[in-house]
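K.L.:
Take a look at the letters that make up each chain.
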Amino acid sequence: MSALSFQSVSKIYPAKSQGGAALKALDHVSFDIEEGEFFGLLGPNGAGKTTLISILAGLSLASSGHVTVHGHDVQTDYAQARRLLGVVPQELVFDPFFSVREALKIQSGYFGVKHNDDWIDELLHSLGLADKAHANMRQLSGGMKRRVLVAQALVHKPRVIVLDEPTAGVDVELRQTLWQFIAKLNKQGHTVLLTTHYLEEAEALCGRLAMLKQGRVVALESTSELLKSASSNVLRFKVDAPLPAELAAKARVTGRIVQFPAQNAVEIEQYLAAVRQAGLVAEDVEIRKADLEDVFLEVMSGAAS
Amino acid sequence: MTGWQTLFYKEVLRFWKVSFQTIAAPVLTAVLYMLIFGHVLENHVKVYDSVPYTAFLVPGLVMMSVLQNAFANSSSSLIQSKIMGNLVFVLLTPLSHWSWFFAYVASSMVRGLAVGAGVFVVTAWFTPLSYAAPLWIITFAVLGAALLGALGLVAGLWAEKFDQLAAFQNFVIMPMTFLSGVFYSIHSLPLVWQQVSHLNPFFYMIDGFRYGFFGQSDVSPWISLAVVGSALLIVSAATVKLLQSGYKIRS
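Those sequence lines, one after another, are chains V and P.
Converting from the first sequence to this note's numbering requires adding 72 to each position, the first position being numbered 1.
Converting from the second sequence to this note's numbering requires adding 1 to each position, the first position being numbered 1.
Just so you know, these hints were derived from the structure itself, not from any lab.
Careful: at least some of the hints might be erroneous.
[Stated by the list, open to error] Computed Cβ-Cβ distance ranges for the label pairs, DEER-style:
id : chain 1 : residue 1 : chain 2 : residue 2 : range
1  : V       : 85        : P       : 193       : 47 to 53 Å
2  : P       : 53        : V       : 88        : 18 to 24 Å
3  : V       : 304       : P       : 252       : 42 to 48 Å
4  : P       : 245       : V       : 85        : 17 to 23 Å
5  : P       : 251       : V       : 206       : 30 to 36 Å
6  : P       : 234       : V       : 243       : 52 to 58 Å
Idealized CB from N, CA, C, for every residue including glycine.
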């Protein structure tokens, strides 16, 4: 049985005003995540990632389709499904009335977990919160609040951990701490579902990926297969002046840095020749293997909208 | 503790941590009403034959405090959690709609009854009171607190902004409380307004509550019990239904 199963999930938001168009946030999304996987859900803003996670978590109701957690339907068998899920919400929310330890004890109580102090101590320690246990939530910095959100999601030792952009706006140290801890839990058998905009994180951590675009799954494959499927190389260099339009259309341009996806040496020579003909000088030229960002851009531009 | 008990505990802890604002302040307000209205009206208003006005006023103020604070607790807790976004911590749990209902209503009852007890202890100093039927006192205090706790839950679910909640409070709850006979016996009103008052469920809460003190009331306490009990059942059923459907909390 799959840890998570999305079966033809659609979500349509009704038109806000009369004559306005209904918004199809999710369009028959189907995929399964097996127990113990580290799975990444990628897509640009507005692709439907958070909507999908909200439906999984019971924060939102699907317009049609089903979602199950270890076979338990998130709507008809929600209590069992939510016991198996630990969700780290994207928004940095907190309850200003309580200290860190109080918040974690209360969260344990909601799940009916008693005498949870040992596990709470371990969570505080692993997430670098030990010295903040008695601090009030409102005194914590953004990064610290984020750690508490992670701890709150894990108080009941859920079999499936869902992280919705946990590293957005978070410093390097926390990212390291967080990923070490999540990777450890994953090794112990916990299933992890992650959404992120940091593609190098997804590439490093996730065994399998789904890409969403405008509410539809446009890629679903193991990370290594996805990387293989892309143009194998990238030609990267710097220029001082803008590229001619027809060249720029084929490239990924970030300021002075220009990157061309290329299959082989012939293509690379052609690009360099074209740059020379345009009267530009390419500096710091390098050829590298395609990474997930290249694949992502290829999939997103290729997928029919 | 089980799930709903934890939510109940958290809700009690929430107002307890700011008890100066949630308990002491409303007690002071009620005492001010007592001092001012009692002073001004003591020799001008006769309610039942043998009951001095200040004594008549005390149960009214106690009940008004119970009702307003029970309402304030569930409604403000919910709207704050919705606006702060931390309601998600409860939404993510396996707690059922019944657990939500019992936890929010029971914690509101605790707050309402705590404030009511505070008002009672302070105002009872000012005037001799009788306690003709204490069981009625407790019954109406508990039922009234539960009804307003449930109403607060409905208002908290419905409101999306603080001003919507304030409107509900100022245009529904306040007039219904003030026009229910807190400060006067409805027998002193013109006939039309007496009849209108009979349509107000808050009237029966206060009237029944007062019966417990004086053994006299505008209507029989059994009628009041029937009205308040039915209102509680109807509002509770509606509240549980709203919670079950995820009204305005699960999109």
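K.L.:
So which of those numbered hints doesn't the model satisfy?
P.N.:
2
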